[in-house]
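Asks: Here's the letter readout for the chains.
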Amino acid sequence: MKAILELHDIGYQVAQNQILQNISLSVAAQDYITITGPSGSGKSTLLRIIASLLTATKGEILFKGQNIMEIDPIQYRRKVSYCFQQPTLFGRTVADNLDFPFQIRQVIPDVDKQKAALKVVGLPETYLNKRITELSGGEKQRVAMIRNIMYVPDVLLLDEVTVGLDEENKRIVNNLIEHFHTDHQVTILSITHDESEIKQASRLLTITKGRLEESK
Amino acid sequence: MNLDVNNWSLTLAMLLVMIALWIGYREKLGIDREIIIGVIRAVIQLFVVGYLLKYIFKVNNVFLTFAMLLIIIFNASWNAQKRSNGMTNALVISFVAILVSTGVTLGVLILSGAIKLIPSQVIPISGMIASNSMVAIGLSYRSMNTQFRDQRQSVLERLALGGSLRDASIGILRESIKTGMAPTIDSAKTVGIVSLPGMMSGLIFAGVDPVHAIKYQIMVTFMLLSATSLGSVIACYMAYRNFYNTRKQLKESASED
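Here the protein sequences come in this chain order: S and Z. Under the working numbering, residue 216 is the last one in the first sequence; the count climbs by one each step, no gaps. Under the working numbering, residue 257 is the last one in the second sequence; the count climbs by one each step, no gaps.
Treat the hints with care, as some may be off.
Dumping the calculated SDA-like pairs for lysine to any residue here, alpha-carbon to alpha-carbon at most 25 Å [what the hints assert, rightly or not]:
{"#": "1", "chain 1": "S", "residue 1": "K130", "chain 2": "Z", "residue 2": "D167"}
{"#": "2", "chain 1": "Z", "residue 1": "K248", "chain 2": "S", "residue 2": "T55"}
{"#": "3", "chain 1": "Z", "residue 1": "K58", "chain 2": "Z", "residue 2": "L70"}
{"#": "4", "chain 1": "S", "residue 1": "K140", "chain 2": "Z", "residue 2": "K58"}
{"#": "5", "chain 1": "S", "residue 1": "K209", "chain 2": "Z", "residue 2": "F47"}
{"#": "6", "chain 1": "S", "residue 1": "K115", "chain 2": "Z", "residue 2": "S154"}
{"#": "7", "chain 1": "Z", "residue 1": "K251", "chain 2": "S", "residue 2": "K170"}
{"#": "8", "chain 1": "S", "residue 1": "K64", "chain 2": "Z", "residue 2": "K178"}
{"#": "9", "chain 1": "Z", "residue 1": "K248", "chain 2": "S", "residue 2": "P38"}
{"#": "10", "chain 1": "Z", "residue 1": "K248", "chain 2": "S", "residue 2": "G91"}
{"#": "11", "chain 1": "Z", "residue 1": "K251", "chain 2": "S", "residue 2": "G59"}
{"#": "12", "chain 1": "Z", "residue 1": "K248", "chain 2": "S", "residue 2": "D9"}
{"#": "13", "chain 1": "Z", "residue 1": "K251", "chain 2": "S", "residue 2": "L54"}
{"#": "14", "chain 1": "Z", "residue 1": "K248", "chain 2": "S", "residue 2": "K130"}
{"#": "15", "chain 1": "S", "residue 1": "K79", "chain 2": "Z", "residue 2": "R166"}
{"#": "16", "chain 1": "S", "residue 1": "K170", "chain 2": "S", "residue 2": "L54"}
{"#": "17", "chain 1": "S", "residue 1": "K209", "chain 2": "S", "residue 2": "S41"}
{"#": "18", "chain 1": "Z", "residue 1": "K248", "chain 2": "S", "residue 2": "K113"}
{"#": "19", "chain 1": "S", "residue 1": "K209", "chain 2": "S", "residue 2": "P38"}
{"#": "20", "chain 1": "S", "residue 1": "K113", "chain 2": "Z", "residue 2": "S164"}
{"#": "21", "chain 1": "Z", "residue 1": "K248", "chain 2": "S", "residue 2": "K170"}
{"#": "22", "chain 1": "S", "residue 1": "K140", "chain 2": "Z", "residue 2": "K178"}
{"#": "23", "chain 1": "S", "residue 1": "K130", "chain 2": "Z", "residue 2": "Q153"}
{"#": "24", "chain 1": "Z", "residue 1": "K178", "chain 2": "S", "residue 2": "D96"}
{"#": "25", "chain 1": "S", "residue 1": "K140", "chain 2": "S", "residue 2": "T88"}
{"#": "26", "chain 1": "Z", "residue 1": "K248", "chain 2": "S", "residue 2": "F102"}
{"#": "27", "chain 1": "S", "residue 1": "K79", "chain 2": "Z", "residue 2": "Q153"}
{"#": "28", "chain 1": "S", "residue 1": "K79", "chain 2": "Z", "residue 2": "M128"}
{"#": "29", "chain 1": "Z", "residue 1": "K251", "chain 2": "S", "residue 2": "K115"}
These are computed hints drawn from the structure, not numbers from a lab.
The following block holds chain Z by itself, in its conformation from the complex (with noise of 0.2 Å):
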């Protein structure tokens, strides 16, 4: 492997925060203290789960990987739900749609070979699917709230009419569904073309042949595709009914009781 990042050249790596503090510092972006803190966050992080991921890749446990996958999972939960807007229940729903989509995609890697069932392979997986399905509810999230502030009058005229909550809300559903999934499909698009994404990446540096390589980069299209798309619906299909009380009225926002 012609991997080699030492000590010393990641201190001398360390100069380019100096760029960023200093462009921080000339235009008076006031950000100096963030980068600082960012980076110091950013390397204890890194150094604890490096020696964590060593342990646990050591002792090849199912447990303990099952236990690891889990914490990933509740992580990402926990940064979805911030995005709902104090939505009722969004840590649960959250936690739902990310434990389905990971589970699934997951289940079907390991189920057609595509990657065995051991930690070094499982949980930097699980890690990436888990991410990605994050990123799709918080952005559904902030669809669904928008759209159901945005199109109010269309909602209770749906209602008025007789629609149940699913006919008032399935426009609002759709689009915050496609919302969720968007910026997978445009990377899908352009993967290889502008992007040379991490996994292919990290590939290529470790010496494999670069059309090996892309073949790890092509399931990892198809496994974010899968997940995002079924962390969406998952989320949108539960929390959409929040925005409603228990006389299917619509709320002036979900996170009211």
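Here chain S stands alone, though its shape is the one from the complex (with noise of 0.2 Å):
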């Protein structure tokens, strides 16, 4: 399968603290990987390096062949979509976050397309209006994570979005995940330490001290 990511020789570095050094990684199109490692070992940095949130150091991140500095970072962005591990919601109600991903591309909010989306992460529709104030944890990380797919990315990052969660949510989102891995073709990214989620994956990294290492 051809390569969607190529990492060459990726580092990061703020002031003398070294976070990642000689990251070289070839994703092909459709890998589900899982990234493990102790906290602190720069795996969200890594992520969000790739989501173009942060611009490494060292080294060069190729998407479908093309050099990332040489795209415009919002459209790759739409295309590369990174998912947070304890998501804000904005605004009032769950449609003002469904509506975002609209919006910012000068498109009428599709209400059906919206419904649809949250009975696949099992909220009724009438959630649609509901105060964001009224969610539980494990709802506002389903919303969280059906505003990052309201328009299906090529890659999606996942920064340890099962993190907190009870059984129940969890299962809910890693099926999400393979949904969106089968059904859709989407690349996953994802740091996890959660085993079920682990056994998903097609391969599995482990970051320790900023350096990158294949176990699976």
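Hints are included, so try docking the two chains, each in its own frame, into the full complex.
Replies: Structure below.
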């Protein structure tokens, strides 16, 4: 399978602190990669660099063969979408959040699509008008995830999205990831310590002290 | 005119400063020096400006009037940028925002015939406009800095979803513009009830009929709304990109390269 993402000798340094070094990785289209490693090892930093929310201080990243520095970051982030560990929802209601992906594309929000997405994560369509302050942690994470996939990206970067969730919510989120991987051919890079998700994945990478190793 | 502040009454009025000094001394506030410097500066600055204005009014030259306006606008910009916490280009942004807000407001007042294009009217009015615009811009900068720090996560999420810099900042922009305008809106609501503002008080002092004086105050209220809204909008829209780098990533602060 052709590589969708290629990382060549990525390094990231803040002042004298070397956070990532010599990271090279080839991600094939439709790969499902999980990344583990101790806290502070640089996992989130790596994902944020891939998402173009940070720029590597060394090396280069190719997306479909093109250096990401040559691609408009906004267009790139719509194709390589990053989900945060503890997401913040915007505005007042769930709809405010699910409208955002449409608004940034200057498109009228597709309510049917929003309702269908809510259904996929086990939330009733009446939730569109629910206030975000009334959602549980698991529901917030589910809403945040469908916000990322209202327009299906090529690559989904997941930063410990199931951490702190109960078993039921974990199962729903993992099913959603699996659904997008198999049914929509989305390439997945996921930081996780969740055994069931690691089993689901095709490759397992470990980051220790800013260096990457492949273990599956 | 029934105005008669002679040098002797001014000297006696200086006793009022003694009250402030006495309070500072008794309460051990440690501000005696600040008060004395403040008083000396105020007296010198006002004397200088008094004689300068007398000269400019007498000469009545358009270029000299505009030169004076530019000095006022530059000083206002210099003070506004101090509130920006080291933001790149803050002086230029403040200057453009104050120049446009003062220029447009002044232009409307002159074209509508509310004031005449003579130094004794243009200069004091410009000073009022520029200083209010300056305060509004300073408040907007402060609000922007605080919000970009406090709402960092939310801005990052909007960027991660593929939002443009404007999409990611729009909430902060609106809030910062509102913050800049808030004091003017509040004072517009309470004018006449809580305060009898400077313009109106000055005219009443000078013996003008209060009914006539309020018309000027209404004009001032309108012009300050225009000046603060224009100043805040221009400054905020020019400044928010400073919080991002060329790769459209959120920086740690607006002063970072």
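Asks: Take the hints in turn and mark each one as holding or not.
Replies: A quick look at each hint next to the structure:
At roughly 23 Å between alpha-carbon atoms, K130 of chain S and D167 of chain Z fall within 25 Å of each other, so this suggested pair holds. Between K248 of chain Z and T55 of chain S, the direct Cα distance comes to roughly 10 Å. Compliance with the 25 Å bound is thereby established for this hinted pair. The straight-line distance between the Cα atoms of K58 of chain Z and L70 of chain Z is roughly 19 Å, inside the 25 Å bound, and the hint therefore holds. Note on K140 of chain S and K58 of chain Z: the hinted pairing is violated, with a Cα-Cα distance of about 70 Å set against a maximum of 25 Å.
Pair hint K209 of chain S plus F47 of chain Z does not hold up; C-alpha atoms about 67 Å apart against a cutoff of 25 Å. Pair hint K115 of chain S plus S154 of chain Z holds up; C-alpha atoms about 24 Å apart against a cutoff of 25 Å. Note on K251 of chain Z and K170 of chain S: the hinted pairing is violated, with a Cα-Cα distance of about 33 Å set against a maximum of 25 Å. With a C-alpha separation of about 44 Å, the suggested pair K64 of chain S and K178 of chain Z falls outside the 25 Å cut-off, and the hint is violated.
Pair hint K248 of chain Z plus P38 of chain S does not hold up; C-alpha atoms about 30 Å apart against a cutoff of 25 Å. Taking the CA atoms of K248 of chain Z and G91 of chain S, the gap is about 23 Å. The hint holds against a cut of 25 Å. Of the pairs offered as hints, the one joining K251 of chain Z and G59 of chain S holds, with about 21 Å between alpha carbons and a cut-off of 25 Å not exceeded. A threshold of 25 Å between alpha carbons decides the hint, and for K248 of chain Z with D9 of chain S the separation of about 23 Å falls inside it, so the pair holds.
At most 25 Å may separate the alpha-carbon atoms for a hinted pair to count; K251 of chain Z and L54 of chain S meet this at roughly 9 Å. A threshold of 25 Å between alpha carbons decides the hint, and for K248 of chain Z with K130 of chain S the separation of about 32 Å lies outside it, so the pair is violated. Taking the CA atoms of K79 of chain S and R166 of chain Z, the gap is about 19 Å. The hint holds against a cut of 25 Å. Taking the CA atoms of K170 of chain S and L54 of chain S, the gap is about 28 Å. The hint is violated against a cut of 25 Å.
Pair hint K209 of chain S plus S41 of chain S holds up; C-alpha atoms about 5 Å apart against a cutoff of 25 Å. The straight-line distance between the Cα atoms of K248 of chain Z and K113 of chain S is roughly 29 Å, outside the 25 Å bound, and the hint therefore fails. Note on K209 of chain S and P38 of chain S: the hinted pairing holds, with a Cα-Cα distance of about 8 Å set against a maximum of 25 Å. The hinted pair formed by K113 of chain S and S164 of chain Z meets the criterion: a straight-line CA distance of about 23 Å does not exceed 25 Å.
This hinted pair does not check out: K248 of chain Z and K170 of chain S have alpha carbons roughly 33 Å apart, beyond 25 Å. Distance restraint check for K140 of chain S and K178 of chain Z: the Cα-Cα separation of roughly 29 Å exceeds the 25 Å cut-off, and the hinted pair is therefore not satisfied. Our distance criterion of 25 Å between C-alpha atoms is met by K130 of chain S and Q153 of chain Z, whose separation comes to about 22 Å. With a C-alpha separation of about 21 Å, the suggested pairing of K178 of chain Z with D96 of chain S holds against the 25 Å cut-off.
Between K140 of chain S and T88 of chain S the alpha-carbon distance is near 8 Å, which keeps this suggested pair within the 25 Å criterion. Between the alpha carbons of K248 of chain Z and F102 of chain S the distance comes to roughly 20 Å, so the proposed pair stays at or under 25 Å and holds. Taken as a hint, the K79 of chain S and Q153 of chain Z pair is honoured in the structure, with Cα atoms around 20 Å apart against an allowance of 25 Å. A hinted pair counts as satisfied when its Cα atoms are at most 25 Å apart, and K79 of chain S with M128 of chain Z does not qualify at roughly 51 Å.
Between K251 of chain Z and K115 of chain S the alpha-carbon distance is near 36 Å, which puts this suggested pair outside the 25 Å criterion.
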